[in-house]
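Take the sequences, apply the hints, and build the full model.
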Amino acid sequence: MNPQYKRMGWHLLGWSILIGYALSGYFIYEWDYRVLLLTLSQIFLYMVQFYVCYLLLFPLWLRYRHWLVLAPGIIGVMVLYICLRYLVEEVLFDIFFGFSNYSDGTAFSYFLFDNIYWSLPGIFMGGVVWAFESTLQKERENRSLRQEKTQAELAFLKSQVNPHFLYNTLNYIYSLAYPVSDKLGNAIIKLSDLMRYMLHESQDGKIELQKEIDYLQNYIDIYRLRFDEKFFVNFEIQGHVNGQRVPSLVLIPFVENALKHGVVDDPASPVTICLNVQDQQLYFEVSNRINHHQKDQTTGVGLPNIRRRLELLYPNQYSLQIEEDAHHYTTKMKLQQI
1 MNPQYKRMGW
11 HLLGWSILIG
21 YALSGYFIYE
31 WDYRVLLLTL
41 SQIFLYMVQF
51 YVCYLLLFPL
61 WLRYRHWLVL
71 APGIIGVMVL
81 YICLRYLVEE
91 VLFDIFFGFS
101 NYSDGTAFSY
111 FLFDNIYWSL
121 PGIFMGGVVW
131 AFESTLQKER
141 ENRSLRQEKT
151 QAELAFLKSQ
161 VNPHFLYNTL
171 NYIYSLAYPV
181 SDKLGNAIIK
191 LSDLMRYMLH
201 ESQDGKIELQ
211 KEIDYLQNYI
221 DIYRLRFDEK
231 FFVNFEIQGH
241 VNGQRVPSLV
251 LIPFVENALK
261 HGVVDDPASP
271 VTICLNVQDQ
281 QLYFEVSNRI
291 NHHQKDQTTG
301 VGLPNIRRRL
311 ELLYPNQYSL
321 QIEEDAHHYT
331 TKMKLQQI
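Read in order, the letters of the sequence shown are residues 1 to 338 in our numbering.
Hints may contain errors.
Pair ranges (Cβ atoms, derived) [to be verified]:
| id | residue 1 | residue 2 | range |
| --- | --- | --- | --- |
| 1 | S109 | W15 | 26 to 34 Å |
| 2 | Q151 | C83 | 49 to 57 Å |
| 3 | L36 | F113 | 21 to 29 Å |
| 4 | I17 | H240 | 53 to 61 Å |
| 5 | L13 | S269 | 55 to 63 Å |
For the record, the hints were derived by calculation from the structure and aren't laboratory data. Fair warning: this is a prediction, and the values are worked out from it, not measured in the lab. Beta carbons are placed, not taken as given, at the ideal position from N, Cα and C, and that holds for glycine.
Put into structure tokens, the structure is as follows:
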């Protein structure tokens, strides 16, 4: 079952139990109908409070983690509760049923402080349920990440033999080719560096950003061999990259897709790659003119797979935008807290 539908089912069950409890008191203790209406209006107001906190206030606080979001939000929810209660119980009930909750002459200060007190349970319920569901969701994501990491490690171990063999073979070929052709030797050593990068990964799956940049540059240089001087790619780096760490191979899919499906031999419309690191945030943008006659039909890492990896590694801390028209294709990625 879809987790969202399952969550809705639990919410409906909870509110049904609460409303059923209120109705049972009406039949068991033979309440006056006014008590029942006031009880149901209180439940309605708590529902409004609950979902404002559950869907808006606490998710915003989770994103920004600052009391300047939480404190004004709680005050705003209290004000909303007080205004709605006055509208329902003092205005609408008086119009339709001929009674109100508070007697005439009730001091405003008493009404205000009394409703601040009664507004707290709705905020508390919203916070408890949101925290409980967020903890469960985080645990599910961690379990999924651990499973995927285990599967990736097994696949990596199974595939290590052939890459190591290829890596060692490339080094041998380089020793043979370099005396014959500097260009050929440099190409082989760059390919060897690519293999070395893919084989050596840290325990936490992250790598120095500078090494990721070097990998991109080697990849671009090898791709350049196919076009010789008719190859136009602008790779711009801004900000401070030293000391930063990112998941390995997180940038290459965007560059690979741009080179594979874009126009790389037009000086008027080069492939542009921009990497900017500022305040623990990484901005990465790749833009290319679409090659409608490209012959490379092989597929790389698909966008859904990239999004899934980012969701696991940077939950609520990344953005990925795709802009496409008839002629150009642009990807924009932002990672927070790198």
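To see whether the hints hold, each was checked on the structure:
1. S109 x W15: 26 to 34 Å: 33 Å, holds
2. Q151 x C83: 49 to 57 Å: 53 Å, holds
3. L36 x F113: 21 to 29 Å: 26 Å, holds
4. I17 x H240: 53 to 61 Å: 55 Å, holds
5. L13 x S269: 55 to 63 Å: 58 Å, holds
Hint compliance for this structure: every hint is met.
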